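Chains as they are written, first to last, in the numbering used here: chain L, 285 to 703; chain E, 285 to 703.
Incorrect hints may appear among the rest.
It does not matter which identical chain is used: a pair holds within one copy or between any two.
[Claimed, not checked] Heads up, simulated DSS-like pairs for lysine-lysine below, C-alpha to C-alpha not over 25 Å straight-line:
{"#": "1", "residue 1": "K417", "residue 2": "K390"}
{"#": "2", "residue 1": "K653", "residue 2": "K390"}
{"#": "3", "residue 1": "K672", "residue 2": "K618"}
What the hints contain is simulated information worked out from the structure, not anything from laboratory work. A quick note: this is a predicted structure, and the numbers were derived from the prediction, not measured.
Now for the letters of each chain:
Protein chains: 2
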Amino acid sequence: MIEACICTIGDEILIGQIVDTNSAYISRELNKLGVKVSSIISIGDNIQEIINTLEDITEKYPIVITTGGLGPTKDDITKNALLKLTRSDEMYLNNEQLGVIKDICKKRGIELSDLNRDQALVPKSCSVLINRKGTAPGMFFKISSKETLLFSLPGVPYEMESLVPQVCELIVNNLKTEQITHKTIVTFGVAESMLATILNDWESSLPPQIRLAYLPNPAIGIRLRMSVYGGDKSESTALINRYSSELYGILGDIIYGESDDTLESTLFKTLIDEGKTLSVAESCTGGRISSILTSKSGSSGIFKGGAVVYSNESKISILGVNSKIIESYGAVSKECAEEMAIGAREVFKTDYAISATGVAGPTGGTPEKPVGTIWIAVAGEGFVVSKKNIFAGDRERNIIRFSSEALNYLRLVLKISKV
Amino acid sequence: MIEACICTIGDEILIGQIVDTNSAYISRELNKLGVKVSSIISIGDNIQEIINTLEDITEKYPIVITTGGLGPTKDDITKNALLKLTRSDEMYLNNEQLGVIKDICKKRGIELSDLNRDQALVPKSCSVLINRKGTAPGMFFKISSKETLLFSLPGVPYEMESLVPQVCELIVNNLKTEQITHKTIVTFGVAESMLATILNDWESSLPPQIRLAYLPNPAIGIRLRMSVYGGDKSESTALINRYSSELYGILGDIIYGESDDTLESTLFKTLIDEGKTLSVAESCTGGRISSILTSKSGSSGIFKGGAVVYSNESKISILGVNSKIIESYGAVSKECAEEMAIGAREVFKTDYAISATGVAGPTGGTPEKPVGTIWIAVAGEGFVVSKKNIFAGDRERNIIRFSSEALNYLRLVLKISKV
Numbered sequence: 285m286i287e288a289c290i291c292t293i294g295d296e297i298l299i300g301q302i303v304d305t306n307s308a309y310i311s312r313e314l315n316k317l318g319v320k321v322s323s324i325i326s327i328g329d330n331i332q333e334i335i336n337t338l339e340d341i342t343e344k345y346p347i348v349i350t351t352g353g354l355g356p357t358k359d360d361i362t363k364n365a366l367l368k369l370t371r372s373d374e375m376y377l378n379n380e381q382l383g384v385i386k387d388i389c390k391k392r393g394i395e396l397s398d399l400n401r402d403q404a405l406v407p408k409s410c411s412v413l414i415n416r417k418g419t420a421p422g423m424f425f426k427i428s429s430k431e432t433l434l435f436s437l438p439g440v441p442y443e444m445e446s447l448v449p450q451v452c453e454l455i456v457n458n459l460k461t462e463q464i465t466h467k468t469i470v471t472f473g474v475a476e477s478m479l480a481t482i483l484n485d486w487e488s489s490l491p492p493q494i495r496l497a498y499l500p501n502p503a504i505g506i507r508l509r510m511s512v513y514g515g516d517k518s519e520s521t522a523l524i525n526r527y528s529s530e531l532y533g534i535l536g537d538i539i540y541g542e543s544d545d546t547l548e549s550t551l552f553k554t555l556i557d558e559g560k561t562l563s564v565a566e567s568c569t570g571g572r573i574s575s576i577l578t579s580k581s582g583s584s585g586i587f588k589g590g591a592v593v594y595s596n597e598s599k600i601s602i603l604g605v606n607s608k609i610i611e612s613y614g615a616v617s618k619e620c621a622e623e624m625a626i627g628a629r630e631v632f633k634t635d636y637a638i639s640a641t642g643v644a645g646p647t648g649g650t651p652e653k654p655v656g657t658i659w660i661a662v663a664g665e666g667f668v669v670s671k672k673n674i675f676a677g678d679r680e681r682n683i684i685r686f687s688s689e690a691l692n693y694l695r696l697v698l699k700i701s702k703v
Numbered sequence: 285m286i287e288a289c290i291c292t293i294g295d296e297i298l299i300g301q302i303v304d305t306n307s308a309y310i311s312r313e314l315n316k317l318g319v320k321v322s323s324i325i326s327i328g329d330n331i332q333e334i335i336n337t338l339e340d341i342t343e344k345y346p347i348v349i350t351t352g353g354l355g356p357t358k359d360d361i362t363k364n365a366l367l368k369l370t371r372s373d374e375m376y377l378n379n380e381q382l383g384v385i386k387d388i389c390k391k392r393g394i395e396l397s398d399l400n401r402d403q404a405l406v407p408k409s410c411s412v413l414i415n416r417k418g419t420a421p422g423m424f425f426k427i428s429s430k431e432t433l434l435f436s437l438p439g440v441p442y443e444m445e446s447l448v449p450q451v452c453e454l455i456v457n458n459l460k461t462e463q464i465t466h467k468t469i470v471t472f473g474v475a476e477s478m479l480a481t482i483l484n485d486w487e488s489s490l491p492p493q494i495r496l497a498y499l500p501n502p503a504i505g506i507r508l509r510m511s512v513y514g515g516d517k518s519e520s521t522a523l524i525n526r527y528s529s530e531l532y533g534i535l536g537d538i539i540y541g542e543s544d545d546t547l548e549s550t551l552f553k554t555l556i557d558e559g560k561t562l563s564v565a566e567s568c569t570g571g572r573i574s575s576i577l578t579s580k581s582g583s584s585g586i587f588k589g590g591a592v593v594y595s596n597e598s599k600i601s602i603l604g605v606n607s608k609i610i611e612s613y614g615a616v617s618k619e620c621a622e623e624m625a626i627g628a629r630e631v632f633k634t635d636y637a638i639s640a641t642g643v644a645g646p647t648g649g650t651p652e653k654p655v656g657t658i659w660i661a662v663a664g665e666g667f668v669v670s671k672k673n674i675f676a677g678d679r680e681r682n683i684i685r686f687s688s689e690a691l692n693y694l695r696l697v698l699k700i701s702k703v
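Construct all of the structure, not just a fragment, from the sequences and the given hints.
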């Protein structure tokens with residue numbers, strides 16, 4: 285596999301002011317091409333350190349991607365380092381990027397400053413990757429002595445992300461990357477160790493060409509990624525499809541999607557198909573379920589609203605939960621979860637409603653209802669169903685797990701109600 | 285300044301499956317001691333690569349901290365690398381850590397496996413940092429030939445975090461770190477460039493001993509950190525206090541707290557002091573404001589609940605917004621925001637209510653109400669006030685900014701209402 289190194293530049297990473305999310309994004313995208321990231325290095329805004337590090341890694345790796353170290357106030361450091369490194373001697377004003385910079389200044393209602401204009405200055409020896417989302421252009425160098433591909437990208441995540449497709453295309457065109465065939469199956473509700481046990485025989489039967497990776501994520505579930513490197517594309521695809529259809533047979537409803545599907549995207553697809561609407565009643569999850577459902581644009585046709593009923597009084601007054609139920613069974617109970625879902629469905633006038641009530645921790649647990657206990661209910665036309673789970677985790681992780689568990693429960697209920 | 289290098293170990297980082305948040309945490313903590321992180325390196329679970337990298341960086345830096353690469357299935361790789369690196373020849377079973385492991389297994393209701401027991405195996409040459417939150421212990425080595433302090437910490441963030449105080453203590457005891465005095469003032473509502481302009485004269489007047497850092501964060505605002513390295517502790521403190529009190533004079537209500545204060549922690553403090561309760565009505569923020577207010581345990585005495593009224597119907601039915609107001613002014617308007625706040629205050633029976641209604645984007649903008657427009661209102665006993673902001677950002681960033689802006693608006697209203 286072709287190896288790559290990512291180098292993130294910026295004092296703000298080294299003092300812990302920002303978390304580097306760019307590297308994970310780039311790693312995932314390169315991985316899809318069959319490129320393996322072997323090392324990620326973060327260094328500060330120091331010209332000599334940038335030069336030394338880049339000299340070292342462009343020597344070791346055929347692909348080097350830097351992010352950050354560009355921007356109106358520190359542009360010159362990284363660009364001068366790149367000039368020295370690539371033995372270029374001149375910069376020129378790239379008119380296309382300058383046009384973008386002028387547009388951005390105009391939109392923000394600010395004058396074009398020298399600092400901003402100079403962001404369009406680039407070494408003559410590079411190919412420019414025009415940044416349409418921001419002012420700092422990406423740059424692509426071929427370091428001829430070493431045959432290394434060197435990319436310099438801006439550090440702002442959505443600007444960087446917008447340039448990655450060009451980076452991938454340049455890598456594929458310049459290096460003979462192996463043909464790579466992937467298929468990702470997304471599961472929810474079974475822990476990694478249990479999933480590995482269930483899939484033990486199937487895994488043993490996989491031909492050596494297929495590599496399998498377990499990619500767990502508390503919000504999404506476990507992604508199972510099958511990859512075949514090299515070989516004929518259509519043969520590899522056929523091979524992977526054969527084994528993935530076996531997977532569907534073994535795992536059934538544990539599988540909820542493929543590729544980048546999430547619980548919420550899958551749910552929305554089903555609800556749109558059926559023309560149904562949804563509301564939410566949350567206690568311990570405190571608004572996270574609603575947040576997830578509204579994180580993508582365009583959910584307003586489906587999601588009508590949610591009630592964050594953190595206190596018992598609000599469970600009663602907003603959702604019409606019977607106060608005697610809370611007195612008799614407590615707020616964390618099957619009965620309360622069901623009344624919350626029924627109440628949300630009525631007040632928001634939706635086809636379905638989900639509710640969640642539990643103990644996220646660290647306080648509030650009892651021997652009968654320890655921290656990590658969650659009751660979830662789903663109400664629909666003429667029915668309400670509920671279930672209990674107990675998780676082990678800290679507050680943050682419990683809130684994530686509770687929320688995803690609630691979305692998954694609705695998914696399963698919708699599936700069963702169709703049968 | 286003493287320099288350090290962080291090395292995160294694990295294939296899961298290099299394939300982009302997880303984002304490395306540990307490095308930022310450790311960097312911030314070391315920074316407080318006056319230790320500067322000069323480089324962060326991520327490498328895979330490969331014994332030779334671990335040895336090579338650690339040999340290289342323990343040569344270059346007086347402090348090296350590794351995280352990850354421990355855990356039941358890959359323990360042996362990192363530990364064997366550490367054995368080779370430190371020329372140790374033996375491991376022993378640490379009884380204290382074994383006790384923790386046994387407790388954890390018991391609590392999870394699982395048998396103690398060999399894999400789990402072996403996590404208590406540590407090189408004889410290390411000092412053990414007992415991990416009470418998980419099974420993998422931290423380790424501390426003094427590499428005598430180079431006088432380097434080498435720490436190996438588990439990769440799970442809350443386990444790693446629980447060991448950092450011990451790491452800091454060992455650093456202070458073993459290296460003559462400079463006396464360092466910090467003070468952090470937290471501001472909200474003024475952009476970095478504007479803040480720099482306001483503070484220009486004050487910054488110029490700072491004595492050379494005081495270093496100033498701007499640390500912006502979209503949810504928290506801008507932290508201004510003053511640091512004095514070396515010198516007498518009480519003199520440094522007095523010096524910093526003199527200049528920070530000037531800062532209070534210049535910035536006034538732009539300042540909302542110190543150190544690790546957040547908008548929500550500051551708000552809760554005020555509301556607890558006054559014995560007041562709060563509710564929320566959210567449209568475009570989709571539950572984020574409620575999520576923030578419930579992210580810490582113990583908020584239930586103050587925060588009674590929130591309504592996520594994503595549709596116009598739910599604004600009307602849940603909060604009693606007059607349908608004519610939405611028809612005449614639209615849902616993103618002063619009038620609608622104010623009715624939402626008044627409605628939330630009534631249905632949740634709280635002393636105060638905040639509302640937010642806007643256009644998070646990317647769709648839904650108009651020339652009059654472009655993407656990034658937010659109306660915020662605060663309702664209290666006998667009053668309702670509101671304000672508009674327009675931000676430039678993508679959906680995710682807009683939702684963050686809108687939510688923090690709403691919390692900050694309540695903070696300011698509470699401040700003024702006290703006068």
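Here's how the hints hold up against the structure:
1. In this homomeric assembly, K417 and K390 come within 25 Å of each other (Cα to Cα) only inside a single copy, at 14 Å, whereas the closest approach across copies is 53 Å.
2. Taking identical chains as interchangeable, the C-alpha atoms of K653 and K390 lie at most 25 Å apart only when they sit on different chains, with a minimum of 18 Å there against 58 Å within one chain.
3. Proximity of K672 to K618 under the C-alpha cut-off of 25 Å is restricted to the intra-copy arrangement: shortest distance 8 Å within a copy versus 43 Å between copies.
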